[in-house]
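Number of protein chains: 2
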Amino acid sequence: MLIVQKYGGTSVGSLERIENVAFRVIKTKELGNSLVVVVSAMSGETNKLIEYAEHFTSTPAKKEMDMLLSSGERVTAALLAIALQAKGVDAVAMTGRQAGIVTDSVHTYARIEEIDPSPMKSAIESGKVVIVAGFQGITKDGSVTTLGRGGSDLSAVAIAGAIGADQCEIYSDVDGVYTTDPRIEPRAKKLDIISYDEMLEMSSLGAKVLQNRSVELAKKLKVKLYAKSSFSDNAGTLIAEESENMESVLVSGVVLDRNQARVTLRGVSDKPGIAAQIFTKLADCLINVDMIIQNSATSDGETILGFTVPQSELQNAKTVMENFDHDIKDMDFDEKICKVSVVGVGMKSHSGIAAKAFSIMAQNGINIQMIATSEIKISMIVNEKYGELAVRTLHEAYELDK
Amino acid sequence: MLIVQKYGGTSVGSLERIENVAFRVIKTKELGNSLVVVVSAMSGETNKLIEYAEHFTSTPAKKEMDMLLSSGERVTAALLAIALQAKGVDAVAMTGRQAGIVTDSVHTYARIEEIDPSPMKSAIESGKVVIVAGFQGITKDGSVTTLGRGGSDLSAVAIAGAIGADQCEIYSDVDGVYTTDPRIEPRAKKLDIISYDEMLEMSSLGAKVLQNRSVELAKKLKVKLYAKSSFSDNAGTLIAEESENMESVLVSGVVLDRNQARVTLRGVSDKPGIAAQIFTKLADCLINVDMIIQNSATSDGETILGFTVPQSELQNAKTVMENFDHDIKDMDFDEKICKVSVVGVGMKSHSGIAAKAFSIMAQNGINIQMIATSEIKISMIVNEKYGELAVRTLHEAYELDK
Chain A
1 MLIVQKYGGT
11 SVGSLERIEN
21 VAFRVIKTKE
31 LGNSLVVVVS
41 AMSGETNKLI
51 EYAEHFTSTP
61 AKKEMDMLLS
71 SGERVTAALL
81 AIALQAKGVD
91 AVAMTGRQAG
101 IVTDSVHTYA
111 RIEEIDPSPM
121 KSAIESGKVV
131 IVAGFQGITK
141 DGSVTTLGRG
151 GSDLSAVAIA
161 GAIGADQCEI
171 YSDVDGVYTT
181 DPRIEPRAKK
191 LDIISYDEML
201 EMSSLGAKVL
211 QNRSVELAKK
221 LKVKLYAKSS
231 FSDNAGTLIA
241 EESENMESVL
251 VSGVVLDRNQ
261 ARVTLRGVSD
271 KPGIAAQIFT
281 KLADCLINVD
291 MIIQNSATSD
301 GETILGFTVP
311 QSELQNAKTV
321 MENFDHDIKD
331 MDFDEKICKV
341 SVVGVGMKSH
351 SGIAAKAFSI
361 MAQNGINIQM
371 IATSEIKISM
381 IVNEKYGELA
391 VRTLHEAYEL
401 DK
Chain B
1 MLIVQKYGGT
11 SVGSLERIEN
21 VAFRVIKTKE
31 LGNSLVVVVS
41 AMSGETNKLI
51 EYAEHFTSTP
61 AKKEMDMLLS
71 SGERVTAALL
81 AIALQAKGVD
91 AVAMTGRQAG
101 IVTDSVHTYA
111 RIEEIDPSPM
121 KSAIESGKVV
131 IVAGFQGITK
141 DGSVTTLGRG
151 GSDLSAVAIA
161 GAIGADQCEI
171 YSDVDGVYTT
181 DPRIEPRAKK
191 LDIISYDEML
201 EMSSLGAKVL
211 QNRSVELAKK
221 LKVKLYAKSS
231 FSDNAGTLIA
241 EESENMESVL
251 VSGVVLDRNQ
261 ARVTLRGVSD
271 KPGIAAQIFT
281 KLADCLINVD
291 MIIQNSATSD
301 GETILGFTVP
311 QSELQNAKTV
321 MENFDHDIKD
331 MDFDEKICKV
341 SVVGVGMKSH
351 SGIAAKAFSI
361 MAQNGINIQM
371 IATSEIKISM
381 IVNEKYGELA
391 VRTLHEAYEL
401 DK
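If you read the protein sequences in the order shown, they are chains A and B. For what it's worth, my numbering labels the leading residue of the first sequence as 1, then goes sequentially. For what it's worth, my numbering labels the leading residue of the second sequence as 1, then goes sequentially.
Hints are computed from structural coordinates only; laboratory data are not their basis. Hints are supplied without guarantee of correctness; some may be wrong.
Remember, identical chains collapse to one label, so a pair may be satisfied in a single copy or spanning two.
[Claimed, not checked] In silico SDA-like cross-links for lysine to any residue, where the CA-CA straight-line distance does not exceed 20 Å:
(1) Lys-140 with Ser-118
(2) Lys-29 with Phe-231
(3) Lys-48 with Leu-15
(4) Lys-219 with Glu-335
(5) Lys-140 with Pro-119
(6) Lys-222 with Gln-167
(7) Lys-140 with Asp-116
(8) Lys-281 with Asp-270
(9) Lys-222 with Ile-274
(10) Lys-128 with Val-89
(11) Lys-48 with Ala-86
(12) Lys-48 with Ser-14
(13) Lys-348 with Gly-127
(14) Lys-48 with Gly-13
All figures in this text were calculated on a predicted structure; none of them were measured in a lab.
Turn these sequences into a full structure, and let the hints steer you where they fit.
See below:
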């Protein structure tokens with residue numbers, strides 16, 4: 001098999017851990033596989049470099065930041081190649097540029113535009129293990145770029161697509177995707193398999209195993225993703241296309257997101273374009289809006305508009321709304337809330353899953369402030385003090401611990 | 001003026017020092033100059049990375065070492081550009097590749113083959129201060145290379161030549177070239193000016209201000225070099241072409257090299273080719289031979305061959321000589337020696353300088369074991385315990401403290 005493995009910051013966080021990764025790579029190779037290994041910076045390095053830059057200014061130029069930040073992954077890639085060579089493995093380290101990764105020129109958050117797979121392919125064909133510095137590429141005119149937080153996952157998935165790898169394994173300190181956060185519900189179970197869409201919902205809801213951009217890209221490129229731990233030999237979780245088999249599982253997971261704050265605007269006049277103006281203003285101020293709920297207008301032509309924003313952006317959102325030109329009768333801001341979500345592709349073909357969630361909440365005396373649903377997700381905003389209780393009872397109700 | 005400034009590891013050894021460099025750059029710019037600034041890695045960084053690699057093997061692959069080691073200068077270059085931008089200066093950071101530096105493919109000790117000055121020139125023309133990561137370049141086929149220890153000086157000189165700079169200023173923690181090591185002779189004086197050739201002799205003899213490769217390159221490209229301190233506003237020392245004015249100074253400096261060991265081969269048969277065989281064998285074992293002395297043969301057709309090697313290589317040299325095929329009657333190895341040298345372009349036109357040196361040594365009861373001279377240098381091997389005394393008395397005899 002042709003395998004792409006990606007090791008995150010904690011997995012390469014010390015020289016001993018890099019050596020441990022070298023042993024894993026060797027084991028995979030000895031099973032007859034060919035490998036491209038994508039690495040992050042050693043944990044703490046990227047933050048250290050950011051702090052260095054912020055010593056001088058809180059708004060360093062993004063082009064220079066990219067030159068600064070891309071150095072961490074280069075160090076790890078070179079060290080892993082050296083560690084492998086020391087064990088007799090023919091390995092070669094490549095920067096993003098050398099691996100043929102071309103991005104757009106949006107510095108610090110670049111998108112991969114194309115990958116020329118030939119340098120990696122010819123190294124693989126000559127029997128080498130290819131080590132690639134993740135998180136980086138270059139623009140067509142030769143500037144160094146980085147792909148944003150979690151960018152090494154993205155590098156790995158894009159490379160897997162470009163070289164036609166059979167699978168892409170993302171290693172971290174977590175051994176897969178769980179039915180819920182085990183710190184909240186100790187009976188949480190690791191999932192063997194989950195669909196791309198479920199994973200997208202889970203990770204956008206705060207399950208940190210995989211970044212959404214990489215899951216999206218994996219879905220687009222049909223790359224089979226494995227989330228695995230570099231500290232164990234557990235099988236991990238396969239993230240792949242939906243299969244009929246999957247739909248027999250009604251619910252895959254329950255996710256708690258504590259980082260949301262609620263904004264409720266009452267008495268918004270129900271005229272076309274008001275909502276557009278509100279969300280354009282928020283977007284202009286770079287405020288990320290998550291859930292948006294609006295019901296039909298009341299008989300007096302007014303409506304209630306609710307939405308959530310990250311807690312860190314609530315103050316900005318408040319300022320924006322208080323300076324909004326149009327009349328809004330009443331505004332209510334609440335950061336003492338959280339979002340509980342039930343995710344599962346089974347919802348598509350089975351009814352009653354939402355009803356069950358609402359009943360469970362009612363049985364436990366938990367008031368649901370807002371509800372939003374998608375094809376494979378039900379999200380509920382509740383008072384933050386009920387967050388963990390909601391997760392545990394939903395987890396049990398859908399028999400996720402079985 | 002168009003000025004290239006190069007700041008070494010100690011000069012950029014902390015965020016505060018990088019900020020200090022930023023202020024110096026601004027001062028130079030405000031005087032109406034255009035600038036390219038070449039930076040080293042923050043002090044300690046390169047050694048840290050070497051230690052990391054040596055955790056895995058004592059012989060890491062040089063290609064990967066170059067990828068590893070080149071990261072330190074990139075960090076400094078990006079940080080200095082960010083520091084300047086924070087102070088309102090339009091600055092741009094470039095890697096060796098982006099600055100157009102193309103080298104041969106001798107990894108970890110590459111030679112600069114050519115520099116395409118256009119990226120730097122167009123940035124300068126648009127009013128930018130250009131910050132270049134020193135010590136690095138890329139090969140024609142895109143591999144990252146480094147230029148060896150002191151390589152950032154070399155980057156600076158080569159850039160100064162390529163862009164036609166008026167002068168190249170090398171900043172370190174020393175404020176210039178001294179008549180001798182001030183730790184040995186406190187009355188040592190800073191030289192205002194010294195010729196390239198004298199500087200070459202001084203630095204090959206152990207004066208650490210500038211590396212020989214960069215002085216050689218400066219001489220070849222006719223780049224006016226200044227050795228200056230980044231911690232003071234002293235004028236520093238100008239290293240330039242010899243002028244008539246310089247020759248009126250008989251002696252520029254006295255240098256002590258403690259790192260030599262002596263090998264004396266007695267009863268070497270005076271046949272053509274024996275010396276060639278000896279030094280070929282030593283070269284094959286990568287032993288650097290410094291002084292070589294051979295006198296005319298004695299009446300019985302035998303000769304004495306003496307040479308010096310770095311102390312760290314004496315054991316290897318011993319092994320080589322003990323396994324040498326031809327008869328050598330007696331071998332003598334001594335690491336308790338040092339080399340004292342008197343350097344000055346004035347020697348070319350003035351006689352009696354060597355005689356004075358030998359008298360001084362005799363007056364102080366110092367036995368000279370070996371003598372070698374060049375046009376502008378007299379070197380003497382003496383017992384190591386006399387090294388400092390020799391330096392001080394010679395320094396006084398040539399009135400270098402005046």
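Tested hints:
1. Lys-140 with Ser-118: Answer is both: 17 Å inside a copy and 17 Å across each meet the 20 Å cutoff.
2. Lys-29 with Phe-231: within (18 Å within a copy, 53 Å between copies)
3. Lys-48 with Leu-15: Cα proximity of Lys-48 and Leu-15: in one copy and across copies (18 Å, 12 Å).
4. Lys-219 with Glu-335: For Lys-219 and Glu-335, neither the intra-copy (34 Å) nor the inter-copy (69 Å) Cα distance is at most 20 Å.
5. Lys-140 with Pro-119: Cα proximity of Lys-140 and Pro-119: in one copy and across copies (17 Å, 15 Å).
6. Lys-222 with Gln-167: Within. Shortest intra-copy distance 10 Å satisfies the 20 Å Cα cut-off; inter-copy 57 Å does not.
7. Lys-140 with Asp-116: both (12 Å within a copy, 18 Å between copies)
8. Lys-281 with Asp-270: within (18 Å within a copy, 94 Å between copies)
9. Lys-222 with Ile-274: Result: close neither inside a copy nor across copies, 40 Å intra and 70 Å inter.
10. Lys-128 with Val-89: within (8 Å within a copy, 46 Å between copies)
11. Lys-48 with Ala-86: Answer is between: at 19 Å across copies they meet the 20 Å cutoff, but 29 Å inside does not.
12. Lys-48 with Ser-14: both (15 Å within a copy, 13 Å between copies)
13. Lys-348 with Gly-127: neither (46 Å within a copy, 61 Å between copies)
14. Lys-48 with Gly-13: both (13 Å within a copy, 15 Å between copies)
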